[in-house]
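Enquirer: Listed here are the chains, written in short residue letters.
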Amino acid sequence: MSFLAWLESSALATAVAETLWAYPLLETLHALGMAMLLGALGLINLRVLGYKPELPLAGTQDLLPLAWIGFTLNAVSGIALFTSDAIHFFGSYTFRIKLVLIVLAGLNALLVGRRIFHEPALEPAIQAGIGTRAFAAASLVFWIGAAVAGRLIAYAP
Amino acid sequence: MTETLIWLESTAIARAIREIPWMYAAFETTHYLGLAMLVGGIMLIDLRLLGFARRLPLPPMLGLLPWVWAGFATNVVTGSLMFVYGATSFGTKRMFWLKMALMALAGLNALVFSVALARSGGQWVAAGRAPAPIKLVATLSLALWLGVMTAGRWMAYA
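Protein sequence lines, in the order shown, are assigned to chains A and B. First residue of the first sequence: 1, per the working numbering; consecutive thereafter. First residue of the second sequence: 1, per the working numbering; consecutive thereafter.
These are calculated hints, taken from the structure and not from any lab test. Where a beta carbon is used, it is the ideal one built from N, C-alpha and C, also for glycine. Wrong hints could be hidden among the right ones.
What the hints assert, rightly or not - Label-pair distances were calculated between CB atoms; the ranges are:
| hint | chain 1 | residue 1 | chain 2 | residue 2 | range |
| --- | --- | --- | --- | --- | --- |
| 1 | B | Glu3 | A | Ser10 | 46 to 54 angstroms |
| 2 | A | Val141 | B | Val77 | 18 to 26 angstroms |
| 3 | A | Trp21 | B | Gln123 | 42 to 50 angstroms |
Next up, chain A with everything else stripped away, as it sits in the complex:
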């Protein structure tokens, strides 16, 4: 708790809470990062699941920088938003669910992400293995769940 209170009293937290434009700016960046992350990972995962087989799976790797920029943008803006009201956010179950979903999505990407691009299924006509497809579906569920939980923090306990 004392760490959270210290966070809330930090210069960053004070700036976010007291500057008129800082909070909406950070929220806008957070929504933009979400669209980049979900757009890029959404297409890669749907492609693994068999959507748009005309897209070479190997080529979808070029979308990863977009996902990383979105993730970084959201880590930075998310931390800044968190510090401004650290005790409230930490106490919110919806916020905790969101963090768990992000950790699950991250583990999923770490364990399976690489495998996707090293499979023989890189050729358009070949279907990805059932295991890989299951992880792609899980990735979609985790990220969409994180976005939904994030939006609901303002309403749910």
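For this one, chain A is given, so just place chain B on it according to the hints.
Expert: Just chain B now, kept in the frame of chain A:
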């Protein structure tokens, strides 16, 4: 104008949204997912037109447009319902009308794109390289939708 806004807020739809718990939160969350489809899809298409991710052929990337339309339709519906709920508050905000104006410009820009695609698309879509005017349209599209998002978020504070 003001009477219309007051009347909107007194309709059965507005009252239902006010009285049913979680209704507004559900609309906002759906609006957020619609934004992900709309802006996520537009970003993938526009960035590809600008030359990013060249290994992905253009025709299937342009085939992502139904996602953009689905996101747009979702957000017109949820956005209209949220507007009715808070008509006198939203309708008097400059940020709200800025958002609408930017959306109109983005729509006009999309119209220019579809006309250009119908006229000259045959020459460059298969080749996978968009000509300079199309790249300009793609850049404008990214800027306008970013503006729509920004004005939308700012509305809550202005």
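Enquirer: Is it true that the C-beta distance of glutamate 3 of chain B to serine 10 of chain A lies inside 46 to 54 angstroms, as the hint says?
Expert: holds (49 angstroms)
Enquirer: A range of 18 to 26 angstroms was offered for this pair. Does it hold for the Cβ distance of valine 141 of chain A and valine 77 of chain B?
Expert: holds (24 angstroms)
Enquirer: Has the hinted range 42 to 50 angstroms been met by the Cβ atoms of tryptophan 21 of chain A and glutamine 123 of chain B?
Expert: holds (45 angstroms)
When each numbered hint is compared with the structure, no violation occurs for any of them.
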